[in-house]
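Peer 1: One line per chain: the protein sequences are X and D, in this order.
Under full-length UniProt numbering, the first residue of the first sequence carries the number 1, and numbering increases by one thereafter.
Under full-length UniProt numbering, the first residue of the second sequence carries the number 1, and numbering increases by one thereafter.
FYI, nobody ran anything at the bench for these hints, they're computed from the structure.
Bear in mind the structure is a predicted one, so any value in this text is a computation, not a measurement.
One or more of the hints may lead you astray.
[To be verified] Chain X is faced by these chain D residues, among others (derived, beta-carbon under 7 Å):
(1) F174
(2) Q190
(3) L220
(4) R225
(5) T243
(6) E245
(7) L385
(8) I387
(9) V412
(10) S415
(11) V464
[To be verified] Derived Cβ-Cβ restraints for the label pairs, each shown as a range:
(12) X:G122 x D:L201: 49 to 57 Å
(13) X:A128 x D:V411: 42 to 50 Å
(14) X:A23 x D:I480: 56 to 64 Å
(15) D:F195 x X:S80: 30 to 38 Å
[What the hints assert, rightly or not] Rough simulated footprint, nothing fancy, chain D against chain X, three-plus residues with beta-carbon under 8 Å:
(16) 21 to 32
(17) 50 to 57
(18) 88 to 94
(19) 102 to 108
(20) 111 to 125
(21) 129 to 136
(22) 154 to 160
Beta carbons are placed, not taken as given, at the ideal position from N, Cα and C, and that holds for glycine.
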Amino acid sequence: MTDSPQEPAARRVDRAGVVVALALAALAAVLVWDSRQLPSTTMYGMGPEVMPVVIAIGLGLLAIGNLIDALRGDLPPRESADPRAVLLILGGLVLLIAIIGLGGGFILATSALFVTTSAAFGRRAILADFAIAIVITTLVYLAFDRLLTLSLPAGPLERLL
Amino acid sequence: METFAALAHGMAVAVQPMNLLYALVGVFLGTAVGVLPGIGPALTVALLLPVTYKLDPGGSLIMFAGIYYGGMYGGSTTAILINTPGESASMATALEGNKMARAGRGGPALATAAIGSFVAGTLATIGLAFLAPWLVDFAVRFGPEDYFALMCVAFVTVSATFGNSPVRGLTSLFIGLTLGLIGIDKLTGQARLAFGIPELLDGVEVTTLAVGLFALGEALYVASRRHHAEEKIEPVRGSLWMTMEDWKRSWKAWLRGTMFGFPIGALPAGGAEIPTFLSYSTEKRLSKHPEEFGRGAIEGVAGPEAANNASAAGTLVPLLTLGLPTSATAAMMLAGFQQYGLNPGPLLFAERPDLVWGLIASLFIANVMLLVLNLPLVGLWVKLLAIPQPWLYAGILVFATMGTIAAKPSVVELSMLAGFGVLGFLMRRFDFPIAPVVVGLILGPIAESQLRRALAISLGDPLVLLQSPMSATLLGIALIALLAPFVLKGLGRFRASED
Chain X
1 MTDSPQEPAA RRVDRAGVVV ALALAALAAV LVWDSRQLPS TTMYGMGPEV
51 MPVVIAIGLG LLAIGNLIDA LRGDLPPRES ADPRAVLLIL GGLVLLIAII
101 GLGGGFILAT SALFVTTSAA FGRRAILADF AIAIVITTLV YLAFDRLLTL
151 SLPAGPLERL L
Chain D
1 METFAALAHG MAVAVQPMNL LYALVGVFLG TAVGVLPGIG PALTVALLLP
51 VTYKLDPGGS LIMFAGIYYG GMYGGSTTAI LINTPGESAS MATALEGNKM
101 ARAGRGGPAL ATAAIGSFVA GTLATIGLAF LAPWLVDFAV RFGPEDYFAL
151 MCVAFVTVSA TFGNSPVRGL TSLFIGLTLG LIGIDKLTGQ ARLAFGIPEL
201 LDGVEVTTLA VGLFALGEAL YVASRRHHAE EKIEPVRGSL WMTMEDWKRS
251 WKAWLRGTMF GFPIGALPAG GAEIPTFLSY STEKRLSKHP EEFGRGAIEG
301 VAGPEAANNA SAAGTLVPLL TLGLPTSATA AMMLAGFQQY GLNPGPLLFA
351 ERPDLVWGLI ASLFIANVML LVLNLPLVGL WVKLLAIPQP WLYAGILVFA
401 TMGTIAAKPS VVELSMLAGF GVLGFLMRRF DFPIAPVVVG LILGPIAESQ
451 LRRALAISLG DPLVLLQSPM SATLLGIALI ALLAPFVLKG LGRFRASED
């Protein structure tokens, strides 16, 4: 994540673009490495190990293409980004995964995400939002788990319902 | 004649009270979700997939038809009232529609969009009903090598030809193709790119990818740049109805938009962007009031909206007859079919005619319902737009994660969802198109198995790809389409000049 404001007209090396190119090259390497451990069993035609290599070659070429664009500074201009907002939402997702993983149930998990997301969008009334979140997610739980009989993970709160 | 009989049979399926109810619920939900800013039709379908899990395939596909059209219509409402097109195909609508709304003519703008969508959707569905059987007759003769070549055309046109940068479009496609490799290889049972994680053996779920890229990615992106611009909703002032003059200026634009939208959408090239912008520039050229363009010309809403809807129906032609999704929305529809183990293609027409024709008939019904539902309910949709942004996006994320939690409540699956969210955010930030990733994930494995089948039949001779005239031609087209943007760089500037 780069949040350095970029001059639209400046034609200089775009570091983020170079990182993209390197990431693509690394992905290509992973594909080739993974395909190596597949035994070739097919008598005719191509086995499962061929396509990963073909895609890896494509990714390698695209890494070069992206690198050229980045070195020329040919990427579209980017506006500055607010890393705090992004981290808040990601933190909410981590909380959600942890709560689901630990058996905390649907209502608590999605409420956590609700509160962090609304904070990311500038709300400061955490407690009020938490109350709203509990009400909304409980309604969602009742509608989908009971009415539509989808199975949503149940935790302590869901068992009270 | 055969088409009429099949369509009549489909109508009989679609007008069963339960199916009508499904269509109504689909249209209502589709519009309600589609109207939320930043949510395009593809995401609408992805978010609402879990709602249809428990229905029978027929009812669920009919609900899908409603969701699809509802999502499209909802998107145009957002474009007109707050100038945030949920997808690039609504950009032209936002261009003129938002200006009209600011000038107090939001009502007529919404009306011409709704009626234009209805006219275009109906005409294009008729086109679909007549073109599909013909194409099915043609498609049953396709060998695996022809399918592979056809998918190559779709790959190239979806990612390289129409975007701003072919390199970035192809990069997106190859990320999707890589994701498509994950899991057990269907032909040999070997695990690829699973790294010993059991959850990865089943491969990447299309809905997880789409919801992560579209919903989480969009929320992260909007949150990250919230300090740049606040969205402003234009209130709908004045009359909702179109004047005689509006009708006179709209109807030709609707028909011309349909003429652009349907054929281009029906090609295995995909994309509603080209027809909408073609329609916009045509209307601008033909208009008697060219000075109004850029300041709220009704033709500039009527034409592109019709083109957008007609091309959406058009993309159902390759989807239903060939199993070839050429847009992110179509890819989500295909995921919906696959949820029931149904594979769209010529065989589906033969095996489940009730299902296919029921779906086509439902498209007509969904269209009528949209018109009846949306004009009177426009006040309700506007209220949905007025939900404060923090709660709106928080709610969107609750629904977005709910789909995955309901389908697979595992830490691995949810981490993948979060990872795709980050990917979607970075792709938006660095201007990589998103749709090719989804198309790559869903079409990649199909293309691979067709290619391997072709090579197995030919005993490993790769020349089989060139011996079939069909496949040779298609591969030639794919190659030209791949190289053309690099040769003619001007094509890429077409879009920039319209903005």
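Peer 1: Are there hints from earlier that the structure breaks, and if so, what are their numbers?
Peer 2: 5, 6, 7, 8, 9, 11, 12, 13, 14, 19 and 22
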